[in-house]
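So the protein lines, in turn, are chains A and B.
Mapped onto my numbering, the consecutive letters of the first sequence carry residue numbers 1 to 168.
Mapped onto my numbering, the consecutive letters of the second sequence carry residue numbers 169 to 467.
Be aware that a few hints might be false.
Covered by chain B, per the in silico footprint, the following chain A stretches (three or more residues, Cβ under 8 angstroms) [stated by the list, open to error]:
| # | segment |
| --- | --- |
| 1 | 47 to 57 |
| 2 | 88 to 96 |
| 3 | 100 to 108 |
These are computed hints drawn from the structure, not numbers from a lab.
Cβ atoms here follow ideal geometry from the backbone N, Cα and C, with glycine treated the same way.
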Amino acid sequence: MFKGLVIVCLLFLAVAAPAAGMGISRTAEAADGGGCIVHVALDDASVVGITEHIPPGSTVSSCSLPADQWKQSGNNLYLAIIGEEEITYVVSGCRPEDLSGTWTDLSDGNAGPVPMAGEEVYSPSDSQGTSPKKPTASPTKAGNTASIAGLTLAAIAFAACAGRRGKQ
Amino acid sequence: MNLKGFLIIILLAAISFAPAAGAGMPGDENGDSVLSRQELSENILRYLACDAGEACIDAPDKYEILDIVHIYSAWGGRPKEIVDSAGKTHTLVCPLHSVVVMNGETLETMRSLGVAPSVVVAVDKYTPQKPEFFPEYAATPSVGSIWSPDYERILASRPDAVFLYATVSTKECDEIERRITSANPEITVFRIDCYHPETYLDDARILGEVFDRQEDYVCLSGFYTSILDSLEGGLSTADPGSRSDVYFETWTDYKTAGPGSGYHDKVGLAGGKNIFSDSAAEYPEIDPRRLSNVNPMSL
């Protein structure tokens, strides 16, 4: 029984482990007069490239990054993050649910989709934004899944050990 | 070398040299040898646009952008200067991605520092002959030895750098360095030993700088020092007269090690007494009759 529990826990960890990755999330709110205000938050101050997809016809009217670190081209907004941990930009003519995007950690090449806050991204880190998203409750940081799995493993192992002691 | 061989080297040199000619620091748009924040952001934006399907004019590819970011983040946006174990200063403008390693001790230390085996594109001929010690290099192409180097293969492997001994077999290594840098000046030749206890940590530190593995060097240094300390502690209480006579043979029959060699020092550090410690040569070949007369306790 104990061996079986450990195997189940290890499998759980193996499934949860790939979710660990860069801590990044987006929140968006409706702006006065239409459009939306978008906040992108990163866990660490690193060098990251982000491509945000905005609805056709939308225009980015402002961005908190220096002017040479962002560029709109058609439906794409390119962001060069060099140590910033929070970026805010304003898009006219969009709704928060219309936004999507991908990040690339330029220190190691890992990449993935930028999730809206409250979304958990289940994807290998090099998925280039093609992996499905699975909504969950906050917190949004993918690494938390592994922590939860670890705690669960510890709890189950403790319970199993206690059960074994009781049989002896 | 015959004329045909010489022509092959020239051709290989031309092939390997051509793409690197005029190569500067990646991302340094204005050529001032400083990768500024603005140059970094311009390159990131061009990379992202190209990756999204837009025009890729002047855009770095996915490998080049990683180099650019590494230079900015780890090197402070400037070329990296490294002084090798022979005292020669080298300037790197880009992280090393392919190296040829001609001495096993340096290769071993690179492994200890966590350098990825994929970076090593060729090794000396002895390394693949020791798959039990270097399993990760069992199938890596070999380029001969420092006594009989295969220049065609060295150049054909198009390395960013070649590693040779600094203080042993210097005549042979000097000649290899001269020929390689003549054929392709873009190849950096590092002279590092990694075989002598006295200078080992300095050599390892230099390798750590070369491959940006400084944190791994600190770990390796701590481990190495702890072993030396425990040996010294154990030997400090031992009777000096109780040291075992040791015969150490290396490379070929009756080739041993004398004072000045790494092996001689290692025998002493391990608590042994080298029976040929009176040798004038670092690596003498001894008369077998001397060995039977001495009758060492350890071979």
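Hints versus structure:
no.: 1; hint: 47 to 57; verdict: holds (count 4)
no.: 2; hint: 88 to 96; verdict: violated (count 0)
no.: 3; hint: 100 to 108; verdict: holds (count 4)
The earlier numbered hint that this structure contradicts is number 2, and it is the only one.
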